[in-house]
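Trainee: If you read the protein sequences in the order shown, they are chains U and L. For the first sequence, this note's numbering begins at 267 and goes up steadily by one. For the second sequence, this note's numbering begins at -8 and goes up steadily by one.
Think of the hints as simulated: they come from the structure by calculation, not from any bench. You can trust all of the hints, since none of them are fake.
Partial selection, computed: residues in chain U whose CB lies under 8 Å from chain L: (1) Ile288; (2) Leu303; (3) Ala322.
Listing some non-contacts, in silico: residues in chain L with all C-beta distances to chain U over 12 Å: (4) Gly109; (5) Leu123; (6) Gln127; (7) Leu142; (8) Glu154; (9) Thr255.
Ideal Cβ positions, reconstructed from N, Cα and C, are used throughout, including at glycine.
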Amino acid sequence: MYESEQLDLATLWFLSARTMAIAGEDMPTVQEAATGLYAQAIIGLNEDECRVAKNAEHIANKTLIDCLSGVRRLPRELAEKVLTGVMMISYSDRSMKPLEVRWASMLASAIEVTPDEFQRCCVNARIIASMLRPRMQAS
Amino acid sequence: MSRNDTNFKFLERFDKRVAQLAKQAEEYVHTDPDSCMFKLRLMVETMAKKLSNLQMRGDISQDLGAMLGALERSGIVPRRQADSMHAIRRDGNAAVHGSTTPVPTAMRRLREAYKVSGWFCKMIKRGSKIKLEEFQPPDPPVPVDIATKSLHGKIDELEESIEQRRLATRESLLMFGPQENVKEVTRRIIEELKALDNVAAAAGEPVIDADFVALVMAMDLEQIEEDPRHGGDSRQARREAEQQLDTIKKHLAEREEAFLEERTFLLQKMNTL
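This is chain U alone, in the form it adopts within the complex (with noise of 0.2 Å):
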């Protein structure tokens, strides 16, 4: 890939998984954290990108809209790590709003993944959050 495609890829990441976030209402710091680490360790992107997506000037002017349509378009390996990645977000804090759902639902739609490729995603997912949970609540 390009770096400009990198960058972009870097964009519609962020740009899905803190959707993710919000839709679930209250935003653990572990989601945080487990955004750039997938980012970095599954997605392969590099540090620079990580940072440089972030900047206004790639991802204040992107809608919800721009980012399915740029999920859509991307090899459908990396679209798949990009589902599975949101899916870790929402499960990260062991619940799932209705909005959370919707999300997922427009991503898998905008990825036309089949059933079985869904719950493959939700699979990984749900062990890669299993590795990022924090062991200690708050009171």
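Use these hints to put chain L onto chain U, whose structure you have.
Mentor: Just chain L, lined up with the frame of chain U:
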């Protein structure tokens, strides 16, 4: 600031042990910066334990890194304070493991400990009014010569550049950029999401298999892994994900090693002066 004064007088009202450690760190900053770092690390550990006991439930890890991570994830320790506490922990550990601490590094951490302790007092005694005066760096027992002063300046520049690189790493990991207005972004996304939800509902589009999502969330991980439909995939996914996460963690650890090497190199230069 003369040798008998302290920046940490205010701490005595809140936690005598933490106050004592802070004052000892202050005393050692010029004469024995390694010991200053030991004391600061212990001070951070004492604060973290107190905060954990007061505000966390469940198994509390005794490892300081894990404890700080948990406090941060739970939202008890804000990002800025967590960064300072982690920096003190890292440099304290390096000192314990034989890496020499330069005076400017110890002074920088002492200043950070001062800011963190003001916040700590407010956390352990809600409603307490603390107005931190500007930090007064303790005076050296003997005047510092020009060559040492110049080297201290270089070390301070290096520390600043290390801080900037750490900050860049941190920013790359977070969900929002430092210049973003999180409230405004959240409002906009919620608005868009609700509009899309309304359109989808009006079009009669069912949400994806919500029952399945609920089932996966409710299942124990072991059950998922044993499930013949997913077992192969999930075990493979776990192996791959663990490997990839380890690579990133290793990269971050190697960078910290490199930071220490840069600092040691400068100190070696000082010794040859």
